[in-house]
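There are 2 protein chains.
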Amino acid sequence: MQHRVKFTGHLIFIGFGSIARATLPLLLRQDHVPVNQITVIAPVIEKNIWFKERGICFVRKALTEHIFTQTLDRFIKPGDFIVNLSVEVSSLALMTYAFSKGALYLDTCIEPWAGGYDDPSLDLSHRTNYALRYQMLGLRKKLGNGPTAVVAHGANPGLISHLLKAGLVELAVQLNHRLPQNREGVDWARLCMETGIKVIHFAERDTQRSSRLKQDDEFVNTWSVEGLINEGHQSAELGWGTHERTWPTSARRHRFGSRNAIYLERPSATVPVKTWTPLGGPCLGLMITHHETASTADLLTLKDQQKLIYRPTLHYAYHPCNDALLSIHELIGRGWQSQHQQRILNGEVDSIGADALGVLLMGHELNAYWFGSVLTIDEARALLPFNNATSLQVAAGVLSGIVWAVENPDRGIVEPEQMGYERVLEVARPYLGTLVGKQTDWRPTGVVPKSSQDAAADDWQFEHFTRF
Amino acid sequence: MQHRVKFTGHLIFIGFGSIARATLPLLLRQDHVPVNQITVIAPVIEKNIWFKERGICFVRKALTEHIFTQTLDRFIKPGDFIVNLSVEVSSLALMTYAFSKGALYLDTCIEPWAGGYDDPSLDLSHRTNYALRYQMLGLRKKLGNGPTAVVAHGANPGLISHLLKAGLVELAVQLNHRLPQNREGVDWARLCMETGIKVIHFAERDTQRSSRLKQDDEFVNTWSVEGLINEGHQSAELGWGTHERTWPTSARRHRFGSRNAIYLERPSATVPVKTWTPLGGPCLGLMITHHETASTADLLTLKDQQKLIYRPTLHYAYHPCNDALLSIHELIGRGWQSQHQQRILNGEVDSIGADALGVLLMGHELNAYWFGSVLTIDEARALLPFNNATSLQVAAGVLSGIVWAVENPDRGIVEPEQMGYERVLEVARPYLGTLVGKQTDWRPTGVVPKSSQDAAADDWQFEHFTRF
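Quick mapping for you: the protein sequence lines, in order, are chains Z and E.
So in numbering that gives the first Met the number 0, spot 200 of the first sequence is number 199, and the numbers just go up one at a time.
So in numbering that gives the first Met the number 0, spot 20 of the second sequence is number 19, and the numbers just go up one at a time.
One chain only, chain Z, in its complex shape:
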């Protein structure tokens, strides 16, 4: 283990939802970064005795566009660290603020101010994660060098980009394939192309459940209900592979940015897609939109000057826990009128199940290969209070992002793709359960005998993943 790095600032948490409650105990028990003082600022603060007993300060305050600097000025000084785990507080505004104060920053997704996801003055293209990321890239260019601000670094987005790189290296080892290099190190896009990868899913399956049945008019999830609803209501997004021959119904291109990702004119929670994880094998995921779709589409695009050479199709494929599946079904049926009750599957003592979060690399010599973390709820709880498997994976992403930022405090705005994946995974590793690498003969058209795999290369067309 590296030496404990020097960090003498305060940690200021924005938000006190399921992820903040999961991350704080982890911060208190780790020994990578000294934790001198923690303050939590949130509009609603409930059940915080355990946290107060451990010296954490609480400020009950909603941060809005007009008053947030005034509030934060009371707490933030140079060298502090802002950890933004809120909803409806603009990531870009907080990043700009942190930069101006000389403070470090981390969030788990690029969040707009309240209403930003549904702003009627914006067209669908401008309400995507692609568009939010485009704004962030503009800010990064404008701000340039300065205190590190880690963008979108929970489990996914976040750790998933590091698992992608680790999985690609594992696959290359199995294929006995040398890692191609470019100026920055491994040329990940070229590696994907050379190994023949056509499609990548960020494939997650959550099998956590308790004996307490979901009620009518109740949204049950293993993490933030608002978070899932927000991203589920945004348009579906995907990196669009160079092998694709059929343009999807309702797909649209953006008119700005790298244009490496496209979107569908359908809420992402309404787009089912066939996928595979080691938890039960083939399953039907939802093509929930995520930051990593756009950022890894850039990472894995290969160009010769302006000419596009290669890109895999890539997107998130998420089988949430059964109760969340039912909750989404109910929500869509209600015309997206939120249920009156919410519950996060966390407190139930008799919960079982696991969360498998990884990358499914498809179309190469081994057919398909899943690499990622399989964490059971029992393992999560044995490690930390206030956690289930999902929240601990996110908390591990937050912790490793904080550690990396403290160790690399002057990089300006960075996405997971610009961070060292080995160091990040080293810090996160104790909280990820079993790291699984597993080959499978599964493909969206069914399992194919190995001999005929070459002939069936067309099986990896996007249309097969969405045809039932």
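Worth double-checking, as some hints may not be accurate.
Pair ranges (Cβ atoms, derived) [to be verified]:
| hint | chain 1 | residue 1 | chain 2 | residue 2 | range |
| --- | --- | --- | --- | --- | --- |
| 1 | E | Q340 | Z | A61 | 43 to 51 Å |
| 2 | Z | G436 | E | H339 | 21 to 29 Å |
| 3 | E | H65 | Z | G445 | 26 to 34 Å |
| 4 | E | T465 | Z | S120 | 23 to 31 Å |
| 5 | Z | R244 | E | E45 | 34 to 42 Å |
| 6 | Z | E264 | E | R252 | 21 to 29 Å |
| 7 | Z | D377 | E | H339 | 23 to 31 Å |
| 8 | Z | D377 | E | T465 | 37 to 45 Å |
| 9 | E | H463 | Z | G280 | 33 to 41 Å |
| 10 | E | L307 | Z | V446 | 42 to 50 Å |
| 11 | Z | N35 | E | Q340 | 51 to 59 Å |
| 12 | E | R252 | Z | K437 | 39 to 47 Å |
Selected chain E positions facing chain Z (Cβ under 7 Å, derived; list incomplete) [stated by the list, open to error]:
| hint | residue |
| --- | --- |
| 13 | T63 |
| 14 | W112 |
| 15 | L283 |
| 16 | I331 |
| 17 | G332 |
Don't read these hints as lab results, they were simulated from the structure.
For clarity, every value in this text was computed on a predicted model and none was experimentally measured.
A virtual CB, placed ideally from N, CA and C, is assigned to each residue, including glycine.
Based on the hints, put chain E in the right spot on chain Z.
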């Protein structure tokens, strides 16, 4: 009540699944038709002690295309009644056989021989309920008059066609609208047109559940698992309304028959559609294909000579119980490879919930009106053993169909639409729980203030029901 009709024959049940087990106790307790002897012929016979104790005979035998006449000849004589509640036994073959023997007949859907739903030699159009019905209509023409054979008479198809007529009369009363007549009685198509109905859903919601969680690799349902999988895997079908302006993606016309219904090139269980029932209001149903879609599309089509004047859009919209929703999701994710375990939610003692089965009449002056049966599992069990709410609604359809056939023994092949809806509902009524007629302001585009309803007539386009 009418006098007990004369029936001296034997009842021969084909199949001993959940519906047979639900119907037999009902037959034993009713006093419309004398039950002299009942024989059950099925390939698998389990847990039948209760039934044997009540004098029912059992024959363990699978009826296949090659040996079924040989088997049945031992049991069937003129004046007997064949009740076909099996899967994978051809309805057309049994109807032909019953006709030749002078026996009465009833089934709850038109079933092909094993493999008929997935026969690779048939195109999608010929594997629809529309096509199965077309064959039946050909047989009806060929056989002509003879012993009554009631086709597709469970809850839905079956009772739902009678509830449709009763609901239309209820709506006409509320609108103070005179019932238009034609040679056969009420002109139902003209009534729909005159009242302004644009869309009709056979809208069912099942909220039954138990505390026993669905396991992975298990299909849980409140009625036949095979039955739901078979129809869920067939193409979605719908009667196509004259008000529609946008042809649905993947929709196809048939090249034979009345062409009043169309189909989508998608398995019906994969087509979600917004609908409404009094159990919880708006919800997302599945456009499961059913016999009544094609038969009521004929009933409600108005033509002037050959010219098409009017037809509503109509189809089934089914929110199965939550466990069945999850089971279908799992099944699709498995590429339609059946789960290894099956369970019918029936034996669990702590089950709660209800089944609401009715018609949702949309687009008229009152916006939308649901009419049908709401039956709780507690009510069902208080009436009869071996039942839940769903099975009792089906059993009530079977009983009332049997009674009608005995009372009208010489009509040849009849569909529900050719039967007297008042008499059928009179017999079924005691087993349907609460008959509910309920107006709602719901529409697929959201609830609209009454004043602007006329301006928003376009809200009833099919595309709005499938846009999320």
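Hint check against the structure, violated hint numbers in rising order: 5, 13 and 14
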